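Participant: Given only the sequences and the hints, what does the whole structure look like? Please build it.
The primary structure of each chain is shown beneath.
Protein chains: 2
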Amino acid sequence: MSDNGTAKIIFQPSGRRGEVEKGINIIEASRRIGVDIETLCGEKKVCGKCRVRIEEGSFEKFGVVSSLDHVGPWQEEEDKFITPDQKKAGYRLACAAEVTGDLLIFVPEESRAGKQVVSKAARDIEIKWNPAVRIYTVTLIPPTFKDPVGDFERMTHALEKEHGLKGLNIDWFTLRDLPNIIRKDEWTVTAAVWMDKEIIKVWPGKVEDYYGIAIDVGTTTVAAYFCNMRTMEVLDTVSMMNPQCKYGEDVMARITYHMQNPGGLERMSDDLIEGLNDLIRKACEGTHPPKKKKKGEDGKIVKNKDGQAVMVETPEEGKTYLCLETSDIVDLTLGGNTAMHHILLKLDPQYVGLAPFPPVIHRSLDIRARDLGININRSSNIFIMPNEAGFVGADNVCVLVTEKPHMSEELQLIIDIGTNGELVLGNRDKLISSSCATGPALEGAQLAFGMRAAPGAIERIKIDPETHEVDYKVIGREAWLKYSKPEEMKTKGICGSGILDVLAELYLSGVVAKSGRFSKNQKSNRFRKNPDNPRQKEFIIAWANETSIGKDVVITQKDIRQIQLGKGALYTGCKLMMRRMGIDKVDKIKIAGAFGTHVAKDKALIMGLFPDCDLEDVMSVGNAAGDGARVVLLDRDMRDEANWISRNVEYIELTVEKDFEQEFMESMQIPHMKDDFPHLEGLVPEEILHQK
Amino acid sequence: MSDNGTAKIIFQPSGRRGEVEKGINIIEASRRIGVDIETLCGEKKVCGKCRVRIEEGSFEKFGVVSSLDHVGPWQEEEDKFITPDQKKAGYRLACAAEVTGDLLIFVPEESRAGKQVVSKAARDIEIKWNPAVRIYTVTLIPPTFKDPVGDFERMTHALEKEHGLKGLNIDWFTLRDLPNIIRKDEWTVTAAVWMDKEIIKVWPGKVEDYYGIAIDVGTTTVAAYFCNMRTMEVLDTVSMMNPQCKYGEDVMARITYHMQNPGGLERMSDDLIEGLNDLIRKACEGTHPPKKKKKGEDGKIVKNKDGQAVMVETPEEGKTYLCLETSDIVDLTLGGNTAMHHILLKLDPQYVGLAPFPPVIHRSLDIRARDLGININRSSNIFIMPNEAGFVGADNVCVLVTEKPHMSEELQLIIDIGTNGELVLGNRDKLISSSCATGPALEGAQLAFGMRAAPGAIERIKIDPETHEVDYKVIGREAWLKYSKPEEMKTKGICGSGILDVLAELYLSGVVAKSGRFSKNQKSNRFRKNPDNPRQKEFIIAWANETSIGKDVVITQKDIRQIQLGKGALYTGCKLMMRRMGIDKVDKIKIAGAFGTHVAKDKALIMGLFPDCDLEDVMSVGNAAGDGARVVLLDRDMRDEANWISRNVEYIELTVEKDFEQEFMESMQIPHMKDDFPHLEGLVPEEILHQK
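Chains S and X, in that order, are what the protein sequence lines are. Counting in the working numbering, the final residue of the first sequence is number 692, and the numbers go up one at a time with none missing. Counting in the working numbering, the final residue of the second sequence is number 1384, and the numbers go up one at a time with none missing.
Take these hints with a grain of salt, some might be off.
[Unchecked claim] List of simulated lysine to aspartate or glutamate pairs, EDC-like, C-alpha gap at most 20 Å:
1) S/128 <-> S/466
2) S/585 <-> S/676
3) S/184 <-> X/1040
4) X/889 <-> S/676
5) X/858 <-> S/366
6) S/166 <-> X/1333
7) S/146 <-> X/1351
8) X/779 <-> X/748
What the hints contain is simulated information worked out from the structure, not anything from laboratory work. Bear in mind that the values here come from a model prediction, so they are computed numbers and not experimental data.
Facilitator: Structure below.
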């Protein structure tokens, strides 16, 4: 046992250990020790994802005597997620169990927060070269008694004479570098100028290439596009999980974390900023071509005083390539949803979480890199994308900057499905937006076996209409179950893009009726009542021997209800917006985000996720949010346009629209039964489509 | 003895002690332990002011065994300042002696850096109310579903509607305070707006008074004028020694300290900023009226969580007064000479110290308080006055902003005497400036008994023309010697304003000839050859028994030469500038700075410090630099004017002017013998004026 105030904790199977003060819960202990435990609900004891097992005994090797007595009292919320047998075996919810002494804790695989598979490659989009930061080289005449004018004025006179730049300012931090830099290469200097008005960096001599990064901060994933600002080339795309996931899976969980934990906002922001700095460093270290070096061809790496790689000589080409220092990044743009925006900027997000959901600010911000703690050139101004509304954030502005519906004749419906659905409808005449509480089910969360798009997640499924036998494919494995041995599948759960597939197949095969209920006549032994809760019906997707968690992966009646709620919310949103616009048909449907990339359009239409449309006119626009951040990085006029969009798209609060509840109730059915889905013909068997 | 790497040091008589690493010199040890030792030359071993005595023996009380063996080897430069007898007694130069073991060090009184008497009261000057920062109060309508616009836009819409402010930005740090502050007092909020474009502070509810500070950073003295920005009232003037004095008395010594000590620039800047923060805190704590409280009437002081006084209740008036928090200061202006400007801003000052002396920047800067580390409202932009030239800095711009010679018909000569003389000549048609190396003698430095204007310094003197007996007055004592007992005088040396007096009296009484040499026939026993250096003649001003240092205070032939060099440089500057302008007479002479306040005009004219002028037209303009910083604090148009001045006053480098050396040689005589001093008639006895 450690001394009175602290306790030694060891997490298995990772073996990570550390000492923490008593009184914190196991989740908090896991964070401090660097172990990732799932906590989808943000420690509200309602998701049950953070189950861990306390091991009893004396573990001399570690100097730990662990005991069930070393955790705080059992809490009634734990009864929901932990059976009496499990309780006896030492299971607790990590968010409910307080550390009161030394502990050896086992984290079961399903409770481990896995690394997500991220697909955020940069798209080819047309961008005008008009960056906010440009560089200019001048050669100065050294001062004399007849012309003793100061360094800054000497440089700005030359910049005005040779490049027409008038009235330039300079940031103090750059000014401090100036006197020695202009004398370093015989009075030749290259200046980076922001918005034609402020000098934010000086290099000795002539510089030709310069660099910027566009970052899309998602609730779950953060992606950075590393660009050569001269050529507009995307040199690298790097991404990571949003480090805030450990504080809660969705935006409301994080807002709650802020409200319940003093200093929580700063902690979440600082974690993200630390993550962004890692991402930026990675991008800089990876910029030396050739990108695909074989092992043993690494070339000679020259490092600077900080141990950072600066030059790489590749003997086979006889060339030297420059690795960048992070201080060579002169511009950076950031976009995200309103809650991510607020949490990153340490703006109190509590009001954006409360009706009528006003954000702290709509318009874009220019924040010095040093103020934000982002490790790029310290004088640079980071461009923060504007927000449309409390639940329609900069990520949506990014989508609109890229998709430009306000410049089009066609009536477009743009759908960005995340935990929150964001909708934009209209054309050059008018644009309206709204958000709908699709809930986390469409992303695979809060389902019995829902999980993120990580290895082991079911992403595609087929159910035989006759036998109701199941075939499926998991992320990280090419072969479907049919072509694999069961134990090779290592299935863990179902991810977002798989969810619609699963439900559509259940429906198409008749396992589930249009109402969303399991049909009465079930042919296969995959249908059963839950052994622990006989009132809960479920359908087995993967048998225990196909999984890495040792139990059947099922979809329950409750899960199906969750999915129906999500898809119903989205459809209701689309429908009420169309009613507002006075239209009953759209010309194009664009689905943004990872969901759009992975979802099968036909399955989405079958589910009634969006209004009827020719599948030819339904398209995925990929990570439009990331594209938008890249557009404003390279074309400063688009920054004004983003601000214009953020203030000229009319936000509709759907929940206060007339008949909202009635519409929502109707929208939950599968498929939508009205005659407004002509394009379903041929996609769904007649007997299914017209069943009662 | 302490362990291998460190040594224990005790300084007497202060008794301050500490542990330092071996290898540093005693000056550096004194800095770290917080003892002030004079070092006029910036540790170049040329001023001899830092003599200290090493005490030998075992000082058990302190656990120190001190020995002459615990200092590094004797250096030949020390021979100049320390006699063989003194050497035997343990004297060393603190800048030359290295700490190699435990030491008990005695600092003689003449080596202690004293606190200077500062006279920097604010003058009554006419200023237009047009501050860069203004405050506005608005009451907002809370958000609804029909109007869910964000907090920032809600406030700026109201500021535009009610106060006509368009396109306002907000600093990120202020934005972070916004959501909770606008909800604190029923949606009424007061915003501080900088330059009609950026919100830099928000308070809940209605605020009427707001505050700013103007600071004059002198090489020796720093003065802060604390102003109510609404009423323009100067609430308080606080001042301090420039904490950089310990790195060297004059600007060249500090530039040298920077060049010889890695990190020296940052250290000097940080010390000054720490001092400025103390000054600001003092100003804020002292702002509660009534200003003159008697003892025992202190009232009840309410302190905030940081222990800072917030409210004072004075029972006799039944009123409550607000003490300010430093974050309530919303604007701050700073002016100083070019070297002080550069060192404060951590701009490499080495080039400004090398011909042709180009500064790093001329124009003004707006630097965020948080960037500079100044503890006022963190979003505020500190206005840094512009520089004219390498040796004509923002202090001179301040003088011109206040005196406005560019708006006058009269030909004015403005003289700012410091270690460096700064001169401006002209009127609305043309203004030229220059600087001249007056040297430190006119400020009392580098003379045998020169010292700062601190208690014990001789500031006035009379010499009987018949007997050559001396009467004088010291700072800190009203009564002249004649009316005092000798031991009451506690004389220590001669300060800047006393120097001209001394020399003029020596000249008027015939002790010194017009050439500056001691006359051949000396009547009094005050004239002697220096006992240690018989070739050096000297005149005793104060006998040892009148002093607190136990030795005669004398003025030497060498001292007189130094003063002649200083006054000659200044006069040459004035004359060459007048030649440039093609004039032989000026309408007004204005003397700025502390020197101007203290010097006797008649003595200055007798010495030929400046060109001939009716004494009626010679005036002191006090601390015009401080006034200038106050003008730009309260009238933002004057900021533009300051920039205009800094670029439109033509700088003349005197040393490259034709006949400079010839003119300089001639200007060193006392008094200037040419016929161009008609106003000397009546001031100087005929026999003295016309002696050969």
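Participant: Tell me if the straight-line CA distance from residue 779 of chain X to residue 748 of chain X falls inside 20 Å.
Facilitator: The hint holds at about 13 Å.
Participant: What's the verdict on residue 184 of chain S and residue 1040 of chain X, does the C-alpha distance respect the 20 Å limit or exceed it?
Facilitator: holds (14 Å)
Participant: Please work out if residue 146 of chain S and residue 1351 of chain X have their alpha carbons no farther apart than 20 Å.
Facilitator: holds (17 Å)
Participant: Between residue 585 of chain S and residue 676 of chain S, is the straight-line Cα distance small enough, at 20 Å or below?
Facilitator: holds (9 Å)
Participant: Holds or violated: are the alpha carbons of residue 889 of chain X and residue 676 of chain S at most 20 Å from each other?
Facilitator: Status violated; Cα separation ~53 Å.
Participant: Has the given pair, residue 858 of chain X with residue 366 of chain S, been kept, meaning a C-alpha gap of at most 20 Å?
Facilitator: holds (18 Å)
Participant: Does residue 466 of chain S sit within 20 Å of residue 128 of chain S, going by the straight-line distance between their CA atoms?
Facilitator: violated (55 Å)
Participant: Given the hinted pair residue 166 of chain S and residue 1333 of chain X, is their alpha-carbon gap at most 20 Å?
Facilitator: With Cα atoms ~19 Å apart, residue 166 of chain S and residue 1333 of chain X stay inside 20 Å; holds.
Comparing the model with each earlier hint shows violations of hints 1 and 4; every other hint is respected.
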